[in-house]
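Colleague: So the sequence lines, in the order shown, correspond to chains A and B. Residues in the first sequence are numbered consecutively from 1, following the numbering used here. Residues in the second sequence are numbered consecutively from 1, following the numbering used here.
Derived by calculation from the structure, the hints in this document are not laboratory data. Positions of the beta carbon are idealized from the N, C-alpha and C atoms, including for glycine. Certain hints may be false.
As the list claims (entries may be wrong) - Calculated Cβ distances over 10 angstroms to all of chain A for the following chain B residues:
no. : residue
1   : Arg164
2   : Arg190
3   : Arg245
Unchecked claim - No more than 20 angstroms apart at the CA atoms, straight line, and that leaves these computed lysine to aspartate or glutamate pairs for EDC-like:
no. : chain 1 : residue 1 : chain 2 : residue 2
4   : A       : Lys40     : B       : Glu40
5   : A       : Lys40     : B       : Asp244
6   : A       : Lys40     : B       : Asp390
7   : A       : Lys40     : A       : Asp86
8   : A       : Lys40     : B       : Asp271
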Amino acid sequence: MMASFTFDGHPITFEPDQTVGAALFSAGLTSLRTTRRRGKPRGMFCGIGVCFDCLVVVDGTPSQRACLVPAASGLDVRTQVGSGFDELST
Amino acid sequence: MNSRHDGFDICVVGAGPAGMAAAVHGAESGARVVLIDASESIGGQFWRHRGDVLSPPSLYHDADRFQSLAVRVEALVRGRRLTHLRNHHVWTLSASSEGCLVRSLDRGGTGQPAETSVVSRRLVLATGAFDRQIPFPGWDLPGVIAIGGLQALLKGSGVVAGPRVVVAGTGPFIVAAAAGLVSQGGHVIRIHDANHPRNWAWHARAVVSAADKLREASEYAAILGNSRVPISHRSMVITAEGTDRLERVTTAKLRPDGSVRPGTEHTVDADVLAVGWGFVAQLELPIAAGCEIGAARDGSPVTIVDRDQRTTNDVVFAAGELTGIGGAALASVEGAIAGIAAAGSLGIANDSLLGRVPAFERKRTSGRRFASALDDVYPVPAAWPGVLTDETVICRCEEVSYAEVKQAVTLGAHDVRTAKLLSRAGMGWCQGRMCSFALERILPDPKRAVPDVRSGLERAIAWPVSLGSLASDPEVPPCEQHA
Numbered sequence: 001m002m003a004s005f006t007f008d009g010h011p012i013t014f015e016p017d018q019t020v021g022a023a024l025f026s027a028g029l030t031s032l033r034t035t036r037r038r039g040k041p042r043g044m045f046c047g048i049g050v051c052f053d054c055l056v057v058v059d060g061t062p063s064q065r066a067c068l069v070p071a072a073s074g075l076d077v078r079t080q081v082g083s084g085f086d087e088l089s090t
Numbered sequence: 001m002n003s004r005h006d007g008f009d010i011c012v013v014g015a016g017p018a019g020m021a022a023a024v025h026g027a028e029s030g031a032r033v034v035l036i037d038a039s040e041s042i043g044g045q046f047w048r049h050r051g052d053v054l055s056p057p058s059l060y061h062d063a064d065r066f067q068s069l070a071v072r073v074e075a076l077v078r079g080r081r082l083t084h085l086r087n088h089h090v091w092t093l094s095a096s097s098e099g100c101l102v103r104s105l106d107r108g109g110t111g112q113p114a115e116t117s118v119v120s121r122r123l124v125l126a127t128g129a130f131d132r133q134i135p136f137p138g139w140d141l142p143g144v145i146a147i148g149g150l151q152a153l154l155k156g157s158g159v160v161a162g163p164r165v166v167v168a169g170t171g172p173f174i175v176a177a178a179a180g181l182v183s184q185g186g187h188v189i190r191i192h193d194a195n196h197p198r199n200w201a202w203h204a205r206a207v208v209s210a211a212d213k214l215r216e217a218s219e220y221a222a223i224l225g226n227s228r229v230p231i232s233h234r235s236m237v238i239t240a241e242g243t244d245r246l247e248r249v250t251t252a253k254l255r256p257d258g259s260v261r262p263g264t265e266h267t268v269d270a271d272v273l274a275v276g277w278g279f280v281a282q283l284e285l286p287i288a289a290g291c292e293i294g295a296a297r298d299g300s301p302v303t304i305v306d307r308d309q310r311t312t313n314d315v316v317f318a319a320g321e322l323t324g325i326g327g328a329a330l331a332s333v334e335g336a337i338a339g340i341a342a343a344g345s346l347g348i349a350n351d352s353l354l355g356r357v358p359a360f361e362r363k364r365t366s367g368r369r370f371a372s373a374l375d376d377v378y379p380v381p382a383a384w385p386g387v388l389t390d391e392t393v394i395c396r397c398e399e400v401s402y403a404e405v406k407q408a409v410t411l412g413a414h415d416v417r418t419a420k421l422l423s424r425a426g427m428g429w430c431q432g433r434m435c436s437f438a439l440e441r442i443l444p445d446p447k448r449a450v451p452d453v454r455s456g457l458e459r460a461i462a463w464p465v466s467l468g469s470l471a472s473d474p475e476v477p478p479c480e481q482h483a
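Can you build the whole structure from these sequences, using the hints too?
Modeller: In structure tokens form, the structure reads like this:
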């Protein structure tokens, strides 16, 4: 059986040495977060850790660059809404 | 947790073609060298790969050069003459005759990244480049990616983007990346290059001295021809559309000045749009080190270096794309010169390597001639802002629209810095890396002699770090001088 992590609860399989972003892109999941100001969908853009557009929540920590995080079995990856700290906003 | 590595003669930042060559030649000269890089594997973006080898080989050019450098890196590391710090993201540095301090975050472990400090007597900066982008309506939609991102997916993770891909922008790299995708079973609907290769006719001398580039170009042409991938010249993307992701791409033919030729618009359904307009050098670290920045022929900012690849800061050398976009072959030659010169500046030398310097210098001359011809043949069309609408996002991070940038101009912003302060464009996560070039070209100041990109790049911290890292004190005394 192929190794997998979850994205918003759904299993995503990956190959050795793939990043979280690459595994999601391969699965056709291009939209990874919504923006802070206008709530627009965003996904991987530069693909090399420069643009910070592919931010996701990994095991509860927001603002992780999906294109850099190595895929690993059992990771809990989630769509990032806004800053990822919206529950703290007043 | 903090860790500290000191006692090095030379610290090389970046393990791409330039950094690998600098580390190898510095260490083989007899210097104690540390090579610090953000990736798990050496090779940088150009030789990005999975596992230990470049595979499949057809995806890589200059694979022999990589193998020979990689073998030397490995031998030097095994012989304890070279230290390789992988997964280390450099976020700030200082460099003077007192010593050089490079601070980074080690992201190799699980959990919180660990702060690492490296102390050396000389620095070689080889941080490379990323894709240059210009905004257009819909470029922020998921499914629109940088051409370098498309290639990183392929080389780094074995992912063939698709199923239906449009490639656009300008220059040989978009063709190379498209050929790579097609060779691995991808489907490229069409390549749109805003320029025309006919312009090479003006640069015969540069081309003749770069026969390997011609061979490479003809290989790509063969792959694309066999797969029936059409190329449109003087054509560019004007909009990307879709609800929550890319669904359609509209392109148009261009007039000689780069403005859209009305009536030539054409729309196709697509899943992925990969765009690139050449490259932007990663100049944060040379700027942090106080190195003087100048302008390349096309106005892009570059680090000024002398014949030894030495910057205007005496203890700092720079090699590769930082000193002008020129590709991997030129970068590795510059890296070799920088490594030998950095060691030499400390009185450390190896006669057989010194003997090779004149040959390296000749290769550098022809490489630079080819690179400046590339700038001339593949410019960003001057009239590109014509595709922008008021709603087009200019700064992706802070979601600043073209209308908001124009408002900042109305309020008096004539330079990148003022535009940033008034509109927030360039103030987000990416620290202006994606929009500075575009912003600078949008601002109207005919008096500006030298492009103003530097003011968009100046930042104390090269990458976002946690407050904990900022607060941590490396407690590093000035470097001991090993006379």
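Colleague: Does the alpha-carbon distance linking A/Lys40 and B/Asp244 stay inside the 20 angstroms limit?
Modeller: Cα-Cα ~8 angstroms, so holds.
Colleague: Quick one, are A/Lys40 and B/Asp271 close enough, alpha carbons at most 20 angstroms?
Modeller: Measuring from Cα to Cα gives roughly 18 angstroms; hence the hint holds.
Colleague: Does A/Lys40 pair with B/Glu40 here, judged by a C-alpha cut-off of 20 angstroms?
Modeller: 32 angstroms, violated
Colleague: A cut-off of 10 angstroms on Cβ-Cβ distance, and B/Arg164 was said to be off the interface with chain A. Does that hold?
Modeller: The claim stands: B/Arg164 keeps its Cβ more than 10 angstroms from every Cβ of chain A (closest is about 12 angstroms).
Colleague: For B/Arg245, is the shortest beta carbon distance to chain A beyond 10 angstroms?
Modeller: Incorrect as stated: the minimum Cβ-Cβ distance to chain A is 5 angstroms, not above 10 angstroms.
Colleague: Just to be careful, I want the Cα atoms of A/Lys40 and A/Asp86 compared with a cutoff of 20 angstroms; is the pair within it?
Modeller: Cα-Cα ~15 angstroms, so holds.
Colleague: CA of A/Lys40 to CA of B/Asp390, is that 20 angstroms or under?
Modeller: With a Cα-Cα distance of about 17 angstroms, the restraint between A/Lys40 and B/Asp390 holds, given a limit of 20 angstroms.
Colleague: Does the claim that B/Arg190 lies outside the interface with chain A hold up, using a Cβ gap greater than 10 angstroms?
Modeller: About 20 angstroms separates B/Arg190 from the closest Cβ of chain A, which puts it past 10 angstroms; holds.
Hints 3, 4 from the earlier list are contradicted by this structure; the remaining hints agree with it.
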